[in-house]
Amino acid sequence: MKIKFKIWRQEGPEDKGAIKEYTVNDLTEEMSFLEALDHLNEQLVLKNEEVIAFEHDCREGICGQCGVFINGRAHGPINNITTCQLHMRSFNDGDTIFVEPWRAKSFPVIKDLIVDRSAFDRIIEHGAFISTNTGSAPEANALPIPKAVAESAMDAASCIGCGACVATCKNSSAALFTSAKINHLNNLPQGKAEEHKRVEEMTAQMDIEGFGSCTFTGACEVECPENISIVNIAEMHARLMKAKILG
Amino acid sequence: MTLDSKIPEGKLEDKWSNYQLNSQLINPANKKKLNIIVVGSGLAGAGAASTLAELGYDVQCFCYQDSARRAHSVAAQGGINAAKNYQHDGDSVYRMFYDTLKGGDFRSREANTYRLAQLSAPLIDHFVQQGVPFAREYGGTLVNRSFGGVQVQRTFYARGQTGQQLLLAAYSQLYKMVRAKKVKMYPRHEMLDLVVIEGKAKGIITRDLVTGELKRFAADAVVLATGGYSRVFRLSTLAVGCNGSAIWKAHKKGAFFAAPSFTQIHPTALPQTSEAQSKLTLMSESLRNDGRIWVPKQKGDPRKANDIPEEDRDYYLERRYPSFGNLAPRDIASRAAKERIDAGYGCGKLNNAVYLDFKTAIDKLGLETIKDRYGNLFSMYQKITGIDAYKEPMQISPAAHFSMGGLWVDYELMTSIPGLYAIGECNFSDHGANRLGANSLLQASIDGYFILPNTINNYLASEMKVDRPDTSHPEFEKSELETSQHIDKLLAINGSKTVGHFHRVLGKVMWQECAMSRNRSGLEKAIVQIKAIRDQFWSDVKITGGKDELNTELEKALRLADFIELGILMCMDALEREESCGAHFREEFQTEDGEAVRKDQNFSYVSAWEFEKGNFKLHKEELFFEFVKPSIRSYK
Amino acid sequence: MHLKFIRKLILALSGLFLCLFLIVHLSANCLLIFPEATARVLYNTYSTTLRESTFIKVISYFLYASIILHVWYALLTTISNRKSKPQKYVVNRTNENSTWSSQNMGLIGILILLFIVVHLANFWARIKLGLGEEVLLDKHGNKDVYEVTYSLFQNFYFVIFYSLLAFPLGLHLHHGLKSAFKTLGFYHKKGLELLAKVSLIYALIISVGFGLIPIIVYFK
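Chains as they are written, first to last, in this note's numbering: chain R, 1 to 247; chain B, 248 to 883; chain W, 884 to 1103.
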C-alpha cells in the first residue's frame, strides 16, 4: 500500500507546529495503524530525521495510552475502537491520512502527537476512590450487590481514560470520563458513604482543569472505545443536583 | 555469599503469622521520617505505594507511562484466583497452594506459595471494598469460574477486564494518597540506575522522559515493581514499553537474578502476520473451554479452513492428551502447537498458526450461548483480524507471555541487596517454572498490598538509626555520570541500523532457541549470536534526536541494550538447567512420547545468578519440600 | 463552584419554558388559518384577552427573562467552551459522529435571535409599544392584530423570511429539548429513547406549523 501521511509535527509546547507530509510505499493491509507509524519512523531514522513522537503501550486496546486524531476522527474512521486497534485495511491504497494530536486546552501538546493528560489524574485524585485503607475490608460476600447494580457499575467502570471523548468534543468536555467514574463508584454500596462529596469535588475539578461543558453532541459515545453511554452524563447531573440539595 | 531465604519456623499455615509476630515494628511518628521509592505503578507498585503511604511512610512512586493507570496489569483479562470456596466445591488454601506448587512443577518455595494462597481470600475482600465491580449472581454474591488446569472454581472476574478493574482500584487508592500528599508521583520517569551505598539500596537515577533530564532520588529503601521482561522476545503479549531495565540495572549492582529462563509461552495469542508486527495480542485462555484446536493433516493444505473435511483435520491435543484434550496446561499446549507448526502443518498466511474452532460448540450449545460466553473476545478478534470467528475458525499461535523468573527475593521479598525489594512479576517467588492462569494478578496484588508493607518495617527499623544519604553523595554522582556516559555512548554510535532492527534480530534468536523448547547446541549457538548482536548494536545502531528532549528512539535503545544482556543470561540459565520442568523444556530431557523429564535429584534448586565483572556466577538455593512430595505432572 | 453547570441549568430551564411557550404560540397561530371573518374575530379576541390578563402579564415577564437568560447564558457557555478548545483540528469529520445541529447550536441560535428581533419589531413593537404604523380597532373594539398579521404576510419577502427561519428553529428545538432534559439530570435509559422521539415530533410540529402558516395566510 502507498499512503500519504500528513502528520502534525511540533517540537515542544512552545513551538507553533505544522502539518508535515510523508509518503510511505511499502505498507501492508495487515499492519496496524501504529505499526505503519513505526515503519515510517524507522525510515525517518535511516534518513537521519527525528522520529514522530506518539504514545502507545499495550497495543491491544486496553491501556488507553494511544490516541490520535486520524482523518478527522478520534482513534480513526471506525467507531468505538482505540488507535492501536485500527488496521491499515481500513484505508485504501493511495489514501491521504491526516494525523493530529488530541486538541484541548486541558491536554497541552508535549511533542508531535503526544499530549499531557494529567488533568484526568487530577480529576481522579478528587474523589474517584473509596476512603478505606488496606486491611480494613469486611468479608466480600457480606454485602450482596444485585447483579444489575454490579453490571451497571461495570459498564461505567470500563473507561480506559484515553481521552477520545475530550478530543472529539467540540467543547473539550470531560463529562463522559468524569461521569463514568462517578457513576461506577456511586452506584456501588461501597461508594455511598462519600457519594455527594465525590460528585461535587470531581465535577468542580473538571471545571478547574479548564474542560468545557457538555452540550450533548453525542460524539464522545461514538468514539469511546468502551462504548460508554452518554446517559452517564445525565446521571452525573442528577447526582450533582442531589448532592447540592442534600449534601 | 550464601542465599538465605529467611523462611520462618513453624507449620506451613503458621509461618506467615509467626513471621509477623517476630518482625520489628516502627511507631507511626517515625514512619513519616522514612522515605521509600517504589518503581512501577502496576498492581504491585500502586498497591505497595498506596499501602505504605497509608501506614505513614513518605513514598515516591515512578512510572514510565503518562499515568499510573497504564501499567500492563490492565491487560490481564481472565481473572484472579482466591481460595474462598464460595462454590462449595472442596477448595481450600491448601488445595490452592498445592495446585500452584504443582503447576509450577515444584520449582518454588513451599512457604512462599502457601502464603500466596493464604492471603488470596482477604485480597478479594479488599478489592470488593475498593469498589471493583466483580461479576455477581442474581442474589448479589460473587461469581466464580474455573481456569486452566484446576478442578475447582476459584477465579473471580470483572467481565473481560479484571486486570483493568483491579489496577484502577489500585491507581485510585494511589491517587488518594497523592492528594493526601503522602505519595509523590513521578509519571514519565524511567529508572536508569540503582544507587547502592555501603552495600544498601539508597536511591535511584531516573530520566525524565519529557525533558531528558537525569535526576537523583534518595530513599531509605527501594522497591522495584517493574513487571515482566518477555519483551526480550520482541513479539510478546506484553505492552510495547515493558522492559527489564530496572531489574537489570539492579542485577548489575549486585542483586541476584533468579531463574531467568523461566518464561511462559501462552498458547492462545494471535499469530504474527507481518515483519512489522509489534505485538501479539492475547486471546483469553478461557476460549479453550469450548474451542477445538486442529491443523490440517496434509502439509501446507491450500484449502480454506471451512473447506477441509473432518477426516483431513488433526485435533492434535485431543489425540495426544485424551483426558485433558484442548484444556492441557499452557506449556504443553504451546509446545504441541510449535511441534505441528515446525513440522510444516501450520496454517495462516505465514503458516505459523493453528486453528481454534468453535463449530462443534456452536452446533452443540447454540450460537447464543457462545456469544454470551465469549462475545467480547470474538468482537476483539474481529477488530484485530477482520475475521468473523463465528463463521470460520480463529487462527492462534503461541506467544511469549509471563516471566516467572526475576530478581531473587527472600521470604520478605528483599533481594540480595539489603534495602532493595522486588515485588510482582519482576521477582522470582511463587510461580516456580510455570504460572497458573489467574495467579499473576494475585501475586502482584498480594506482594504489594499485604506482604511488602509487613516486611519492609523489619529492615527499616534498623535503618531508623542511619541517616539517609544526600543525593550529593559520591555514589549518586558516580551513578549519574555512568548513566549519562551510557546515553552519550549510544547516541554517538550513529550507525546504519535502527533499534527496531536489532530488536527483531534478538527476538528471532530468543524465540528460536530459548522459548518453548530448548537444546544444548541451540542455546550455545544463541549465546554466540546474541553476543554478536550486542557487538553490532554497540557499533552500528542509529538513534536520531538528542538526549535532552523527549526521544522515543533513545528510550527504546536503552531498553534494548539491557534486553540483549539479559538474553545472554536467559540462554545461560536454560543451558545450565539440564532437565525439563514447567515452561523450561529441554529437548534432551523428554520421554519417548515427548513428555518432560524433570530431574529432582540434581535440579531441585532455584538458580540465582550474580553479576561479576561482566560474567555471571551461579548460586543455588536448594528447595526443600517438607510438606508435600513433588510428583510428576501428567495430563494424559 | 460549578458555575459552568449552573449556567447550563439556566439554559435548560429557560429553554424548556420557551418550548412550552411555543406550543401556546403555535396553537394561537392556528386560528389564522380559519376563514377570514372567523379568524379575525377569534384572533383579535384572543390577543385582547391575553393583553388584559394579569396572569399572562406575569408569564410574559417570565418569557422576556427566559429569552434574555437563554441568550446571555448561551453566549457565556459558548465563549467558555470555545476557550476549552483553543486550537481546532485541520480535518474534523464531526458529521460522522454527531448531528450538524448539535455541533452548531450557537450559529442556529443566532439565526433564531435575528428572527426574534424582526418578529418583535413586526408585532410586539407595533401592538404593545405603539411604535410605527398605528394598529386600528376591529368592529368589536379589539385591536385588529389579525390585520397586522395578514398585511405582513401579504409581503412575499416576509413570508419567505418567516417560513425559512422555521427550519433553524426546528433544528434548535430537536437538539435542545432532549438535551435540556439530560442537563437537568433525566437519565432513565428507556425514557431518553422515548424523549428523543418526542423531541423529533415536537420539533417537526413546531417548525412545520410556524413555517406553513405564513404561506397559508399569503395565499388566503
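These are computed hints drawn from the structure, not numbers from a lab. No residue lacks a Cβ here, since even glycine has one placed at the ideal position from N, Cα and C. There may be inaccurate statements among the hints.
[To be verified] Which residues of chain W face chain R? A few of them, derived with a C-beta cut under 7 Å, are:
#1 Met884
#2 Lys887
#3 Ala922
#4 Lys968
#5 Gln970
#6 Val974
#7 Asn978
#8 Ser981
#9 Gln986
#10 Asn987
#11 Gly989
#12 Gln1037
#13 Tyr1070
#14 Lys1073
For this session: May I ask you to test the interface hint for W:Asn987 with respect to chain R, counting a Cβ-Cβ separation under 7 Å as satisfied?
Result: violated (9 Å)
For this session: Against chain R, run the beta carbon of W:Val974 and see if the smallest gap drops under 7 Å.
Result: For W:Val974, the interface hint holds, since the closest Cβ of chain R sits about 4 Å away, which is under 7 Å.
Exercise. Hint check: is the beta carbon of W:Gln1037 less than 7 Å from a beta carbon of chain R?
Worked result: violated (40 Å)
For this session: With a cut-off of 7 Å on the beta carbons, see whether W:Ala922 makes it to chain R.
Result: violated (40 Å)
For this session: Under 7 Å, Cβ to Cβ, is where W:Lys968 needs to be relative to chain R, so tell me if that hint holds or is violated.
Result: holds (5 Å)
Problem set entry | Restraint satisfaction for W:Gln970 [CB to CB of chain R, less than 7 Å] | holds (5 Å)
Problem set entry | Proposed interface contact between W:Met884 and chain R, which counts if any beta carbon pair is under 7 Å | holds (5 Å)
Exercise. Against chain R, is W:Gln986 within 7 Å by beta-carbon distance?
Worked result: holds (6 Å)
Exercise. Can we keep the W:Tyr1070 interface hint, with Cβ of chain R closer than 7 Å?
Worked result: Given a least distance of 4 Å, the restraint on W:Tyr1070 holds.
Problem set entry | Minimum beta-carbon distance criterion (7 Å), W:Lys887 to chain R | holds (4 Å)
For this session: Verify the interface restraint on W:Lys1073: the C-beta must sit less than 7 Å from at least one C-beta of chain R.
Result: violated (10 Å)
Exercise. Taking 7 Å as the limit, does the beta-carbon of W:Asn978 come near enough to a beta-carbon in chain R?
Worked result: Hint on W:Asn978: violated, closest Cβ of chain R at ~9 Å, above 7 Å.
Checked against the numbered hints above, the structure violates hints 3, 7, 10, 11, 12, 14; every other hint is satisfied.
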